[in-house]
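S.K.: From first to last, the protein sequence lines stand for chains Z and B.
Per the working numbering, the first sequence runs over residues 20 to 450.
Per the working numbering, the second sequence runs over residues 86 to 547.
It cannot be assumed that every hint is accurate.
Pulled a few chain Z residues facing chain B out of the computed Cβ check, cut under 7 Å [to be verified]: (1) 85; (2) 91; (3) 105; (4) 108; (5) 204; (6) 274; (7) 444; (8) 448.
To be clear, the hints were calculated from the coordinates, so they are not data collected in a lab.
Quick reminder that beta carbons are idealized off the backbone N, C-alpha and C, glycines included.
This is what each chain is made of:
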Amino acid sequence: MTDIKKASNLIEKALKDNGITKAAWSTGMSETSEFNAENEGFNLYRTLYDVHYSLSVYVDGRKGSVAGNDLSEEALENAVKEAAASAAAAPVDEAHDIAPFAGRETFIHGAVSCDEEALFSRTKELCDTIRGEYPKLLLGSTMGKHVYEHSLYRNTSGTEFETKEGSYSLMAEFAGNDNGRTTGIDGAGIETNDLSSPVIDKGSFRQHLQSAVAQLDQTELKGKFTGPVIFSPDCTAQMMYFVRSCFLSGAVVLDGTGIWNDKLGQQVADPAVTLRIVPADSRVAGVCDYTEEGFRARELPLIENGILKNQIIDLYTANKTGREPSRCGGAMIMEAGKTPVAELIRGIERGLLVGAFSGGEPGANGELSGVAKSAFLIENGQVTGAVSETMISTNIANMLMNVRGISSETCEDGASVLPYLAVNGVTISGK
Amino acid sequence: MLNDSFARCKSLFADNADTVLRAQENRLRRVVLQKGNLVSNVRMNSRGVNARVTIEGVAGLSSLAECTPEAAETVLKAATRDAMFLHNHAPKNKPMLPSPCAGLILPEGAIVDTEQQRCIDLCRAVDEYVVKSCPKLVSRTVVYTEDSMDKIIYTSHACDGHVVYPRSYVYVMMTAEAQDGAPVELFQAFGGAGSFNDHFECLDDIKKGVDDLYEKVLQKCEGVYAEAGAHTVVLGGMMAGMLAHEAVGHTVEADLVMGGSVAGLMLEKRVGSELVNLTDFANTAFGSSKGLLPVYMDDEGVRAEDAVLIENGILKGYMNSRETAERYGVKPCGNARGWTFSDEPLIRMRNTAVHPGKNTLEELIASVDNGYYLIESGNGQADLTGEFMFGVTMGYEIKNGRLGKALKDTTVSGIAFEMLKTVDMISSEMTWSSSGFCGKKQPMAVGMGGPAMRCRINIGGR
Numbered sequence: 020m021t022d023i024k025k026a027s028n029l030i031e032k033a034l035k036d037n038g039i040t041k042a043a044w045s046t047g048m049s050e051t052s053e054f055n056a057e058n059e060g061f062n063l064y065r066t067l068y069d070v071h072y073s074l075s076v077y078v079d080g081r082k083g084s085v086a087g088n089d090l091s092e093e094a095l096e097n098a099v100k101e102a103a104a105s106a107a108a109a110p111v112d113e114a115h116d117i118a119p120f121a122g123r124e125t126f127i128h129g130a131v132s133c134d135e136e137a138l139f140s141r142t143k144e145l146c147d148t149i150r151g152e153y154p155k156l157l158l159g160s161t162m163g164k165h166v167y168e169h170s171l172y173r174n175t176s177g178t179e180f181e182t183k184e185g186s187y188s189l190m191a192e193f194a195g196n197d198n199g200r201t202t203g204i205d206g207a208g209i210e211t212n213d214l215s216s217p218v219i220d221k222g223s224f225r226q227h228l229q230s231a232v233a234q235l236d237q238t239e240l241k242g243k244f245t246g247p248v249i250f251s252p253d254c255t256a257q258m259m260y261f262v263r264s265c266f267l268s269g270a271v272v273l274d275g276t277g278i279w280n281d282k283l284g285q286q287v288a289d290p291a292v293t294l295r296i297v298p299a300d301s302r303v304a305g306v307c308d309y310t311e312e313g314f315r316a317r318e319l320p321l322i323e324n325g326i327l328k329n330q331i332i333d334l335y336t337a338n339k340t341g342r343e344p345s346r347c348g349g350a351m352i353m354e355a356g357k358t359p360v361a362e363l364i365r366g367i368e369r370g371l372l373v374g375a376f377s378g379g380e381p382g383a384n385g386e387l388s389g390v391a392k393s394a395f396l397i398e399n400g401q402v403t404g405a406v407s408e409t410m411i412s413t414n415i416a417n418m419l420m421n422v423r424g425i426s427s428e429t430c431e432d433g434a435s436v437l438p439y440l441a442v443n444g445v446t447i448s449g450k
Numbered sequence: 086m087l088n089d090s091f092a093r094c095k096s097l098f099a100d101n102a103d104t105v106l107r108a109q110e111n112r113l114r115r116v117v118l119q120k121g122n123l124v125s126n127v128r129m130n131s132r133g134v135n136a137r138v139t140i141e142g143v144a145g146l147s148s149l150a151e152c153t154p155e156a157a158e159t160v161l162k163a164a165t166r167d168a169m170f171l172h173n174h175a176p177k178n179k180p181m182l183p184s185p186c187a188g189l190i191l192p193e194g195a196i197v198d199t200e201q202q203r204c205i206d207l208c209r210a211v212d213e214y215v216v217k218s219c220p221k222l223v224s225r226t227v228v229y230t231e232d233s234m235d236k237i238i239y240t241s242h243a244c245d246g247h248v249v250y251p252r253s254y255v256y257v258m259m260t261a262e263a264q265d266g267a268p269v270e271l272f273q274a275f276g277g278a279g280s281f282n283d284h285f286e287c288l289d290d291i292k293k294g295v296d297d298l299y300e301k302v303l304q305k306c307e308g309v310y311a312e313a314g315a316h317t318v319v320l321g322g323m324m325a326g327m328l329a330h331e332a333v334g335h336t337v338e339a340d341l342v343m344g345g346s347v348a349g350l351m352l353e354k355r356v357g358s359e360l361v362n363l364t365d366f367a368n369t370a371f372g373s374s375k376g377l378l379p380v381y382m383d384d385e386g387v388r389a390e391d392a393v394l395i396e397n398g399i400l401k402g403y404m405n406s407r408e409t410a411e412r413y414g415v416k417p418c419g420n421a422r423g424w425t426f427s428d429e430p431l432i433r434m435r436n437t438a439v440h441p442g443k444n445t446l447e448e449l450i451a452s453v454d455n456g457y458y459l460i461e462s463g464n465g466q467a468d469l470t471g472e473f474m475f476g477v478t479m480g481y482e483i484k485n486g487r488l489g490k491a492l493k494d495t496t497v498s499g500i501a502f503e504m505l506k507t508v509d510m511i512s513s514e515m516t517w518s519s520s521g522f523c524g525k526k527q528p529m530a531v532g533m534g535g536p537a538m539r540c541r542i543n544i545g546g547r
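Full structure from sequences and hints, please.
M.R.: Written out as structure tokens, the structure reads:
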């Protein structure tokens, strides 16, 4: 059964039959078409048909949740009973709650139907272009994919949000491979609703392809120094993910370990830094209409001109701490700077240009240490060559206070909009 | 467990295609107590059927969220249609792969579901013990998680079978505060393959582990930064396991070898010292399955066997699917696995481990004048060159053969096949870890293990 409204109605009926008056649930279906290729050509075409439900019930201040993909009447009735049993096993905690009534709306976004021939052609074109224009690269896993999702969210506050949305994503992994020399895996991808033009000139494909070729001529960096680093837009995305997780998430607010928990309204970054979450942007393929908690999604400034404006507070954490729920969702966007990346490079006497960071997520203290991948040495304002086995260490909170510049160029890959980020004071160590 | 109603579907398999039909259910049970607050209380089931049909070297795969013979018939038709699309648009015209041994493989063990009440009660009991025993913590999190895979597989050219893989864990995460107010974190996993009753009827082991973890996190609060650069270190068994998985294992997955891994040029060449032996174990290692996540058959119907990777420092082989095994002229060992019912089988590790040696850990530490003993790792990554990175969450200085101060979080890195050549002492005790996931398009439950090893490695300190 793929009638998600009927499934939603069955859940609603089962809730009433079991005397449950507070709940939130969603039902949905998805169709995925995915072409997979490797260096020797296409090897797999997948078509996937899935359905799903998720349900949280709140009984006398106790919360229980279930999820699954069997939308039969019997399975959904059992799901409601199982959720109720889980709630009954939980301790009372009145902070668990659902969002108040937020409307009844239907949203339709993006490429809701898959153009199979166009998706195959663009994926093949991407593979052929990489093989043709970058003969020193070996093409690894390459994928062209379309996902269509139809979902329905309801809660006992009366909210109902129905969404039909689809988008394409294309990605390629590749590595330098020439005369016995190899490089690490590099890769790039985009999300888009539009296959009318080649994808290789979008997002950061070209930057990564050129970087992978240049990485074939690596030299070892000797010794250790403290200096500036320029993170590529993709690497900036990694850094901002760490910032979000370590300092901005509800989890660090709830457990009290976030070092920015008492810094709202204070300077936590260089005045050049402005970071926000936006539910919709013309440069981003997807749209976030509502949050998992049943709020209409809104834009949320996180850092404005270096000042901490908000942390990302979920409803439970809000109720626990007395703060306002953030009601945000969508893509992360960092405001571009005014300096071209070439100029940022020209201003560096000795430092590093880093394409990706290979390392674990920092702990709550923000200490970051890992390998600089796709890294290039900068000397006297010039990129002088690729370096291997180079590690970088810094503290991401200190790093944001030590920004030396943000590029005017941004990477728009359909998922986020981020610039190059240049920071000072990073420990850079070679062999 | 899944009911097997798919035997009759084999009559629908086309003669000119290599076909695998897989019905699968994944279950997740999860409870999270963060600082005593129940922030997650979830039960999740996901099931369905998929068919992979390979015609002259190109494959179609289709899945449907139903576990019925009718759904099987639907996905067989759709997968055939997908394979024909590729055959028409991008033909490979390859001959059919040879058949590995056929047979029937039956489940070893069972998936025993646990009431959510018991999962919550367990977390609360552990949390209460942490609160009582660890007064200097500023935060703690206790997690119970149980995930299982249940697979019924029918193939046209290999084994048929039914396999089940349950595993269950309790994670305890502690946060204390250093003198400068910075949070200091450490975690420990308890449990392994099997269900709740296999591990958590008695809490004695967890309580002992909590005491040990608390002592370590307090030591770490007084910790020092490691000095950046190359050092002689003793890697603990967990770190050796991470090395086996991340730095060596991924470079010898045959699909990544085809993608340009450095291991493609190293077969039958020296990649480590003579002390180094490394195997991807299927379901037992050194006569025991303790600590492992046993795998009996993969998702191509290949009976699982150990894959020998390094023998006395020489690279001896790769991990393969049926397709890559044919390419490299070897027998597949059952490494092709998918995570959910809709996932295609990829080459994945099972239980990848360095073999034990003859020394003791004490001998290894005593042999280091100025270096580090690195014990726990939170994460790791490697690439096709064998360049690896592991986060180190617990370690100590070694000064004049004795353990010194604890370390703050740091990272180690190196080139696997260069670093393994520096291994000059290996301990006889094995440590296994199975609580993590490996990420490679899909997640996968994997085990890893090893003894303590003395070697040279780069540290990314200050």
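S.K.: For every hint, state whether the structure bears it out.
M.R.: Structure-based check of all given hints:
1. Taking 7 Å as the C-beta contact cut-off toward chain B, the hint placing residue 85 of chain Z at the interface holds, the least distance being around 5 Å.
2. For residue 91 of chain Z, the suggested interface contact is broken, since its CB lies about 9 Å from the closest CB of chain B, more than 7 Å.
3. Annotation: interface hint on residue 105 of chain Z holds; nearest CB of chain B at approximately 4 Å, less than 7 Å.
4. Interface hint at residue 108 of chain Z: satisfied, since its Cβ lies 4 Å from the closest Cβ of chain B, which is below the 7 Å cut-off.
5. With a cut of 7 Å, the hint placing residue 204 of chain Z at the interface with chain B holds, because the nearest CB-to-CB distance is about 5 Å.
6. For the restraint placing residue 274 of chain Z at the interface with chain B, the shortest Cβ-Cβ distance is roughly 4 Å, inside the 7 Å limit, so the hint holds.
7. A cut of 7 Å between beta carbons decides the hint on residue 444 of chain Z: the least distance to chain B is about 11 Å, and the hint is violated.
8. Given the 7 Å rule on beta carbons, the hint for residue 448 of chain Z holds: about 4 Å separates it from the nearest Cβ of chain B.
The structure is inconsistent with the numbered hints 2, 7, although it conforms to all the rest.
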